[in-house]
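Visitor: So you can see what is in the structure, the chains are spelled out below.
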Amino acid sequence: KQEVTQIPAALSVPEGENLVLNCSFTDSAIYNLQWFRQDPGKGLTSLLLIQSSQREQTSGRLNASLDKSSGRSTLYIAASQPGDSATYLCAVRDAGGTSYGKLTFGQGTILTVHP
Amino acid sequence: EPEVTQTPSHQVTQMGQEVILRCVPISNHLYFYWYRQILGQKVEFLVSFYNNEISEKSEIFDDQFSVERPDGSNFTLKIRSTKLEDSAMYFCASSDGGRRTNEQFFGPGTRLTVL
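Sequences listed follow chains A and B, in order. Just so we're aligned: the first sequence equals residues -8 to 106 in this note's numbering. Just so we're aligned: the second sequence equals residues 28 to 142 in this note's numbering.
None of these hints come from the bench; they were simulated from the model. Note that CB positions come from ideal geometry on N, CA and C, so glycine has one too. Among the hints, a few may not be true.
Claimed, not checked - Within a straight-line C-alpha distance of at most 30 Å, the following computed DSS-like cross-link-like pairs (lysine-lysine) qualify: (1) B:K110 - A:K59; (2) B:K110 - A:K(-8); (3) B:K84 - A:K(-8); (4) A:K(-8) - B:K69; (5) B:K105 - B:K84; (6) B:K69 - A:K59; (7) B:K69 - A:K33; (8) A:K33 - B:K105; (9) A:K59 - A:K(-8); (10) B:K105 - A:K59.
Claimed, not checked - Pairwise CB distance ranges (calculated): (11) A:N54 - B:D123: 23 to 33 Å; (12) A:G32 - B:R107: 23 to 33 Å; (13) B:V39 - A:P31: 17 to 27 Å; (14) B:V51 - A:T103: 26 to 36 Å; (15) A:D18 - B:T34: 34 to 44 Å; (16) B:Q41 - A:E47: 42 to 52 Å.
Based on the provided sequences and hints, a complete structural model is requested.
Guide: So this is what it looks like as structure tokens:
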């Protein structure tokens, strides 16, 4: 059974810092990995999707990397801003014939960027 | 930009009552999902739906739950007899089903409160 863990559980940084969020998963047989952002009481916004064959994916100030064999992904946020404050979720889609895109989520990292 | 919509945003019901949560997936998507998030816990997969039938369901998705695509646009989750522990945020998601990407897009959620 796939388990996804995110470290740290919470992170507080001053504006302008570069930061790294970590995600690990127990079963390396995945199709892809998605990073989401969740604002309090809101839905999930997809930030980046990395295919299992890719090593990294970039969108603006965000860069996500994937090391499938070791079961790890990182989300790098450059030059953080107060508007980046949110919970960041990592989710994996398992490979395998019985999976139709079910995502398994980590518990999230709560990020606070203070001015 | 196309988005997944959900109604209502908040539903309050009495224990034992039936509720129907509604979702309108992105129009050209083929795969549909329901997830839930109990306050303070991980986002959990409930069910996936493709070609008018359930393709996968979790152990949470017991006989009290059902899903339906009653027309070409709506996708519903019905809970027949709600329990206190069904109180959660319920998210609908959709994807285009492409096995290379299958990026899932989430709606804003319905907060279900069972009293």
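Visitor: CA of K110 (chain B) to CA of K(-8) (chain A), is that 30 Å or under?
Guide: Roughly 27 Å separates the two Cα atoms, so the pair holds.
Visitor: Is K105 (chain B) within 30 Å of K84 (chain B), Cα to Cα?
Guide: holds, 14 Å
Visitor: Could you check the hint for me, namely that D18 (chain A) and T34 (chain B) are 34 to 44 Å apart, CB to CB?
Guide: holds, 36 Å
Visitor: Could you say whether the range 42 to 52 Å given as a hint is met by the Cβ separation of Q41 (chain B) and E47 (chain A)?
Guide: With Cβ atoms ~50 Å apart, the hint holds.
Visitor: Within a Cα-Cα threshold of 30 Å, do K84 (chain B) and K(-8) (chain A) meet the stated pairing?
Guide: holds, 14 Å
Visitor: K110 (chain B) and K59 (chain A): Cα distance at most 30 Å?
Guide: violated, 39 Å
Visitor: Given the range 17 to 27 Å, decide if the beta-carbon distance of V39 (chain B) to P31 (chain A) lies inside it.
Guide: holds, 20 Å
Visitor: Could one say that the CB atoms of V51 (chain B) and T103 (chain A) fall in the range 26 to 36 Å?
Guide: holds, 33 Å
Visitor: When you check the alpha-carbon spacing of K33 (chain A) and K105 (chain B), does it fall within 30 Å?
Guide: holds, 21 Å
Visitor: Falls inside 23 to 33 Å, the C-beta gap from N54 (chain A) to D123 (chain B)?
Guide: At 25 Å between Cβs, range holds.
Visitor: Could one say that the CB atoms of G32 (chain A) and R107 (chain B) fall in the range 23 to 33 Å?
Guide: holds, 27 Å
Visitor: CA of K69 (chain B) to CA of K33 (chain A), is that 30 Å or under?
Guide: Since the Cα atoms of K69 (chain B) and K33 (chain A) sit roughly 14 Å apart, the hinted pair holds (cutoff 30 Å).
The structure is inconsistent with the numbered hints 1 and 10, although it conforms to all the rest.
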